[in-house]
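Asks: The residues making up each chain are set out below.
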Amino acid sequence: MSHEIKKYKGSVIMQPTKKIKSNHIILFLGLFGFWLIISSSFHWFSLFLGLISSALITWYNKDFLSKQDMAGWLTPNKLGLWIRCIFYLLRDIIVANIQVAKIVLSPDLPIAPEMLWIPAKSDSDFYKVMYGNAITLTPGTLTVDLTEDQYLIHALTHQAALDLTNSTVEKLLLEIEGVAHD
Amino acid sequence: MFKDILILILLMGSGFFFLVGTIGLIRMPDAFCRMHATTKSDTLGAGLALVAMALYKGLHPATLKLFVILVFIWMTTPTAAHIMAKAAYYYEKRQQVK
Amino acid sequence: MIEIAMILMTVFLGLLFFFCLYRAYVGPTSADRVVGINMMATKVTILIILISFITEQTAFIDVALVYAMTGFIATICVSKYIEKRNLF
Numbered sequence: 001m002s003h004e005i006k007k008y009k010g011s012v013i014m015q016p017t018k019k020i021k022s023n024h025i026i027l028f029l030g031l032f033g034f035w036l037i038i039s040s041s042f043h044w045f046s047l048f049l050g051l052i053s054s055a056l057i058t059w060y061n062k063d064f065l066s067k068q069d070m071a072g073w074l075t076p077n078k079l080g081l082w083i084r085c086i087f088y089l090l091r092d093i094i095v096a097n098i099q100v101a102k103i104v105l106s107p108d109l110p111i112a113p114e115m116l117w118i119p120a121k122s123d124s125d126f127y128k129v130m131y132g133n134a135i136t137l138t139p140g141t142l143t144v145d146l147t148e149d150q151y152l153i154h155a156l157t158h159q160a161a162l163d164l165t166n167s168t169v170e171k172l173l174l175e176i177e178g179v180a181h182d
Numbered sequence: 001m002f003k004d005i006l007i008l009i010l011l012m013g014s015g016f017f018f019l020v021g022t023i024g025l026i027r028m029p030d031a032f033c034r035m036h037a038t039t040k041s042d043t044l045g046a047g048l049a050l051v052a053m054a055l056y057k058g059l060h061p062a063t064l065k066l067f068v069i070l071v072f073i074w075m076t077t078p079t080a081a082h083i084m085a086k087a088a089y090y091y092e093k094r095q096q097v098k
Numbered sequence: 001m002i003e004i005a006m007i008l009m010t011v012f013l014g015l016l017f018f019f020c021l022y023r024a025y026v027g028p029t030s031a032d033r034v035v036g037i038n039m040m041a042t043k044v045t046i047l048i049i050l051i052s053f054i055t056e057q058t059a060f061i062d063v064a065l066v067y068a069m070t071g072f073i074a075t076i077c078v079s080k081y082i083e084k085r086n087l088f
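If you read the protein sequences in the order shown, they are chains A, Z and B.
Under this note's numbering, think of the first position of the first sequence as 1, with each following residue one higher.
Under this note's numbering, think of the first position of the second sequence as 1, with each following residue one higher.
Under this note's numbering, think of the first position of the third sequence as 1, with each following residue one higher.
These aren't lab readings, by the way, just hints derived from the structure by calculation.
One or more hints might be untrue.
Distance condition first, Cα-Cα at most 30 Å in a straight line; then the derived DSSO-like pairs of lysine-lysine [to be verified]:
1) B:K80 - A:K62
2) Z:K86 - A:K121
3) A:K128 - A:K171
4) Z:K57 - B:K84
5) A:K21 - A:K128
6) A:K102 - Z:K3
7) A:K128 - Z:K3
8) A:K121 - B:K80
9) Z:K93 - A:K121
10) Z:K86 - B:K80
11) A:K171 - B:K84
12) B:K80 - Z:K57
13) B:K80 - A:K128
14) A:K128 - Z:K93
15) Z:K86 - A:K102
16) Z:K86 - A:K171
17) B:K84 - A:K128
18) A:K62 - A:K21
19) B:K80 - Z:K98
20) Z:K93 - B:K80
21) A:K171 - A:K102
22) B:K84 - Z:K98
Which bits of chain A does chain Z cover? Going by a derived footprint, with three or more residues having C-beta under 8 Å, they are [said to hold, decoys possible]:
23) 31-41
24) 91-99
25) 104-111
So the derived list for chain Z, only partly shown, Cβ under 7 Å to chain A, looks like this [as the list claims (entries may be wrong)]:
26) V20
27) I23
28) F32
29) C33
30) M35
31) G58
32) P61
33) T63
34) P78
35) H82
36) K86
37) Y89
38) K93
In this text, a Cβ means the ideal position worked out from N, Cα and C, and glycines have one as well.
Assemble the whole structure, with the sequences as input and the hints as a guide.
Replies: This is the structure we're talking about:
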C-alpha cells in the first residue's frame, strides 16, 4: 500500500516507507490551530467539526507526509537558531528593498545582469527549498532553477553574486541541519 | 496618538515600496530584472501594510488572521517568483533551439 | 485621521493597478504578463484588507486569504503552461 518510489540511475525502486507518528500529530495540531484561527469561535459544535475535519485530512494524507522526523526541530537549541535565522532574513529583506529602491529610482539604471550556478551544500530537500527562498529574498539575487546539487542564480550586479558566497542565513541553516561546513 | 503616527508611517512606507515595485515593473529591461523589483517590494510592502492594520485593530481574532495572511504572502511570493523565472528561462531556451 | 489615510491608500493602490495592467497588456513575452498579474494579485489582497477595515466588516479578511491563495494557484498554473505547454 504505502511505498516510496525512488529513482536511482534511471531505474525505479519501490521501498516500503517507515511510519513516523510525530509527523501525524504535528499535522493534526497545525490543521486544528488553523481551524481555530479561521472560525474564531469556541462553541462546542464548531470545535467538534474542526476536530473531525482535521482528523479526516490527516487520515487521507497519511501516505503523503514527509519522510523526515519533524519533531526534531523542536529542541530549544534549534528553536534559538531558527529565531536568529528569521532575524537575519528580516534584515536582509529590508536591505534588499532599500537597494532595489536605489536602483529603480536612479536615472541611469545601474544594473549588469548575469546568470551563474552555485553549489548547494545541504543534503535534505527541505533545507534546499528554504535556502532557495532565502536567496530570492536577499539583495540582488533570484533563484531560477534547483537541481540535485546546484542552484541557478540570476544576479542583478556582479557584487550581489559575490556577496552570496558568505551569507549568514546559509551558515545558520546548515548549522540547524547539522552538516559540517568549512 | 503615538500609535496613530506609527500606523501612518507604516502605511506610507508600504505605499512607497509598492510604488517602487511598480516603477521597477515599468522601467526594467527584461523579465528577470522585473521579477527582482516586484518580488522584493511586494514582500515588504504587503508586510508593512499588514503590520499597520494589525496595530490598528489591536488584540482581536482578526489580528491572528492578518498574521496568517502575512506568513502566507511571505512564503508564496518567493516561490511564485522562482516558478515564473524557471518558466521564462526554459521558454527562452526552447525559443533559441527552434 | 487613520480612516482618511486608509482611503487615500486604497485610491493610490487603485492608480498603481493601471501601470501593472499596462505591463500585462504590452509585455513583450508571456512571462512579463505573468509578473504583472502576480503583482496585481498581491495588491488586491492588501486592497481587500484595507476595504474591510474602512467598512468595519472583519468577515472580508477571509475573502483576502482566499484571494491570496487563488492568485498563487493561478500564477503556478500559467507558469507551468508557459514552461511545458502542458499542465500535468
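Asks: If a hint holds in the structure, say so; if it does not, say that too.
Replies: Here's how the hints hold up against the structure:
no., hint, in the structure
1, B:K80 - A:K62, "27 Å, holds"
2, Z:K86 - A:K121, "21 Å, holds"
3, A:K128 - A:K171, "13 Å, holds"
4, Z:K57 - B:K84, "45 Å, violated"
5, A:K21 - A:K128, "24 Å, holds"
6, A:K102 - Z:K3, "29 Å, holds"
7, A:K128 - Z:K3, "40 Å, violated"
8, A:K121 - B:K80, "28 Å, holds"
9, Z:K93 - A:K121, "27 Å, holds"
10, Z:K86 - B:K80, "9 Å, holds"
11, A:K171 - B:K84, "35 Å, violated"
12, B:K80 - Z:K57, "39 Å, violated"
13, B:K80 - A:K128, "21 Å, holds"
14, A:K128 - Z:K93, "25 Å, holds"
15, Z:K86 - A:K102, "26 Å, holds"
16, Z:K86 - A:K171, "26 Å, holds"
17, B:K84 - A:K128, "24 Å, holds"
18, A:K62 - A:K21, "10 Å, holds"
19, B:K80 - Z:K98, "20 Å, holds"
20, Z:K93 - B:K80, "15 Å, holds"
21, A:K171 - A:K102, "28 Å, holds"
22, B:K84 - Z:K98, "15 Å, holds"
23, 31-41, "holds (count 4)"
24, 91-99, "holds (count 4)"
25, 104-111, "holds (count 4)"
26, V20, "5 Å, holds"
27, I23, "5 Å, holds"
28, F32, "5 Å, holds"
29, C33, "6 Å, holds"
30, M35, "6 Å, holds"
31, G58, "15 Å, violated"
32, P61, "4 Å, holds"
33, T63, "10 Å, violated"
34, P78, "4 Å, holds"
35, H82, "5 Å, holds"
36, K86, "6 Å, holds"
37, Y89, "5 Å, holds"
38, K93, "11 Å, violated"
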